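Dock chain D against chain X, hints included.
Below, each chain spelled out in residue letters.
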Amino acid sequence: MGLMSLFGRSFRHGVHPPENKDVTAGVPIRRLPFPPRLIVHLDQFIGAPARPIVKKGQEVVRGEPIAEPGGFVSVPLHAPATGVVRDIKLMPTARGPRTPAIIIDVYEASPQEVLYANPPNDFDSLTREELIEAIQRAGLTGLGGAAFPTHVKYADPPKGDFPPVDTLVVNGAECEPWLTADHRVMVERPRDVIAGVRIALRASGAGRAVIGIEDNKRDAARALEEHIGEDDPISVRTLPVKYPQGAEKMLIHALLGRKVAPGRLPRSVGVIVSNVGTLAQMGRLLPRGEGLIERVVTVAGPGVKRPGNYIVPIGTPARFVLEEAGLAAEHAEIIFGGPMMGMDVPELDIPVTMGVSGILVREPEDGRASRIWPCIKCARCVEACPMFLNPSMLGLLAARREFGKMRDDYNLDACFECGCCAYVCPSNIPLVQYFRLAKAVNRERAG
Amino acid sequence: MDAMGLSLAAIAVIFMSALGMMLAIAIAVANRYLWVHEDPRVERLDEMLPATNCGACGQAGCHAFAEALVREEVQPAKCTVSDPETIERIAEFLGVDAGEEEKRIAMLACAGGSHVARMRSHYEGLATCRAAAVVGGGPKECVWGCIGLGDCADVCDFDAIHLDRHGLPQVNPDLCTACGDCVDICPKGLFSIHPVSHRLWVACNNRLHGEEAEAECEVACNACGRCARDAAPGLIEIRDNLAVVNYEKNDLADRKAIERCPTGAIVWREEDGRIVRGRETRRIVRDRPLPLKCA
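Those protein sequence lines, which keep their order, are chains X and D.
Reading the first sequence from the start, the letters are residues 1 to 447 in our numbering.
Reading the second sequence from the start, the letters are residues 1001 to 1295 in our numbering.
Just chain X, with the same shape it has in the complex (with noise of 0.2 Å):
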């Protein structure tokens, strides 16, 4: 230990940006007012799209399945808001495709309370597979940004060999620059935190919890430790600051020192992970029955008058959140998420999914910053990724359109796209939006 416990144990390579955390860092959520309309996307989630349940012109209460899971891998989704479902029809996203969405106008002397629960579950009674369904009911997914259903990372996997799970890997360790939703969630609500940490142990069948919180949020991890019972198997762990430490594969080797083989889950070492913004939500609305209607957004950036941690429902347009907080800007960037793997949005008129974390607005960059110089070899990226990639290689290969020599020979699967490798990248190459290029090109190929 000696060494390392003076260092603090972490990952290998990696960077560290510039945190710009203290803007939000110390100001208490805050509920935004419903917008007039809200669009729910029913794909906004890894796996199969959801199917309305509901049909133009019928009125929802704010709470209501509007939509059922699409197959296993799938979940449903509430009305975030009493209204009217005005229309069904294809909406712009984020990713870029325009996809079906359920429109709902919301109504504006409604008193917005839930009224529509399943019944409380009543947890000393329930299996764990029907633990693993009330999970599914609640419209769960990784609220850290991928999206993917929670409760297909709990039920036990229909193939494969895999040990069976000893370890559950809470992530609280919110890497990235700007963001401090899952600071805020776990200093103000840690009752939650710890009520869903204690659930996903008995869906997960784990015999211990490890939450894991980065070095700058030690009011987060006291908070946390305050509310761990005497008999609770749960353990906060910090963390020295670095990014990505919030990617699961990272955060399993900076806690457990287990590594996860690249195209692997963290089941292949013992390891379940769930976001701590995921866990809060759980250990609040499987109790009361009620389902995923809303979550916590960062909205900030130099392009943001009133900066802040804003409750927002599914389905809130950008613009309606960025007019609540202050546009500053007149050009600006928006993205969702951080800016180290958020996603550009071309558009105001998207919506705020299920996966947004963080609403985050640049002020447009001189046209010096954002030219491309050549490649000179200087090998920061391949010191920076933390798969160990070689990403200077792998960006040459996709200016000549090689993609499946990448593939094939560079292992770019791999790669997920933390952007580590751009952001030293001193030529500016944009080597994110080439593997993601490239990545489209060969999933296309493959089929």
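Keep in mind that the hints were calculated from the coordinates and are not lab data.
Wrong hints could be hidden among the right ones.
Stated by the list, open to error - Some chain D residues flagged as far from chain X (calculated, every beta-carbon gap over 12 Å):
| id | residue |
| --- | --- |
| 1 | Ala1051 |
| 2 | Glu1072 |
| 3 | Arg1104 |
| 4 | Asp1184 |
| 5 | Gly1234 |
| 6 | Thr1281 |
Stated by the list, open to error - With a Cα cut of at most 16 Å, we get these calculated EDC-like pairs of lysine to aspartate or glutamate:
| id | chain 1 | residue 1 | chain 2 | residue 2 |
| --- | --- | --- | --- | --- |
| 7 | D | Lys1188 | X | Glu444 |
| 8 | X | Lys89 | D | Asp1046 |
| 9 | X | Lys55 | X | Asp87 |
| 10 | X | Lys89 | D | Asp1230 |
| 11 | X | Lys89 | D | Glu1211 |
| 12 | D | Lys1078 | D | Asp1039 |
| 13 | D | Lys1249 | D | Asp1230 |
Since the model is a prediction, treat every value here as computed from it, not as a measurement.
We put the beta carbon where it would ideally sit given N, CA and C, even for glycine.
Chain D only, in chain X's frame:
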């Protein structure tokens, strides 16, 4: 010493000649038993063919095409790159019928240049359509339409595609060999290869209905269905808010179908390659790009 040196030299000479002889025999034997018989005509055909390896003939390349020609599996006219004289020469050389192949060209299912299609944001980054498409589907309001950064013009080996002043690719039918490279490169899948006899063409890929479609692009198909009603029964149908021509009934196609199209999404290509819009189609005189839809 002298004698010694001499004998050493003699050994070297004898050894080297023996080695040479052995290898020569090995090569001679290999040449006899490993000989691959290739029709000598293939080599001559290789010289006559354009050596562009474009693949428009459906073969792996010009050499594969030459081999197929010799096996008489294909007709010379399948090569769309060679001019008619070359095709005739090849046919004469092989003593076969040149065959007839209808000229095919790449067609773009979008007419949304910058003067008619609205942009929703300004794109900065890698200047290729493929790269722009992974950033939220591209900067145009219409997520189905042409991004206009010219991947197709870059990939075309025959210089047949150029962007016009509205940032829309224009295919030069004389130069297009229907090789299909533009079909593969376009991230929105807007190109397809059609025989020139397909005169009726829907130059739109937008799946929205009515005013919504027209708000995104002034020349979008708004799924009004007039073309479907005016055309021969079954020739055109509206599928996913888009007019779709059933080219199996192409013989029934005539200009009547396009005349009442309000936006000009369905067009008619004249014999000489001119694109004609309907009589009742809204004329667009604007030449400048539309302003960015403001936030």
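Taking the shortest Cβ-to-Cβ distance between Arg1104(D) and chain X, state whether it exceeds 12 Å. holds (23 Å)
Are the Cα atoms of Lys89(X) and Glu1211(D) separated by 16 Å or less? Cα-Cα ~14 Å, so holds.
Check the hint pairing Lys89(X) with Asp1230(D) against an upper bound of 16 Å on the C-alpha distance. Violated: Lys89(X) and Asp1230(D) sit about 28 Å apart, past 16 Å.
With a cut-off of 16 Å on the C-alpha distance, tell me whether Lys89(X) and Asp1046(D) pass. Violated, at roughly 55 Å.
Can we confirm that no CB of chain X comes within 12 Å of the CB of Glu1072(D)? holds (33 Å)
Would you check whether the claim that Ala1051(D) is not at the interface survives, using Cβ distances to chain X and the 12 Å cut-off? With a cut-off of 12 Å, Ala1051(D) remains clear of chain X, as the shortest Cβ separation is near 22 Å.
Can the restraint linking Lys1078(D) and Asp1039(D) be considered satisfied, given a maximum Cα separation of 16 Å? Violated. Lys1078(D) to Asp1039(D) sits at ~20 Å, over the 16 Å cutoff.
Sort out whether Glu444(X) lies within 16 Å of Lys1188(D), counting only the CA atoms. holds (11 Å)
Straight-line Cα separation of Lys55(X) and Asp87(X) no greater than 16 Å? holds (8 Å)
So Asp1184(D) supposedly isn't at the interface. Is its beta-carbon more than 12 Å from every beta-carbon in chain X? Answer for Asp1184(D): violated, closest chain X Cβ roughly 9 Å.
Take the C-alpha atoms of Lys1249(D) and Asp1230(D), compute the straight-line distance between them, and say whether it is at most 16 Å. Holds, at roughly 15 Å.
Would Thr1281(D) pass as off the interface with chain X, using Cβ distances and a cut of 12 Å? About 26 Å separates Thr1281(D) from the closest Cβ of chain X, which puts it past 12 Å; holds.
Hint violations for this structure: numbers 4, 8, 10 and 12, all remaining hints satisfied.
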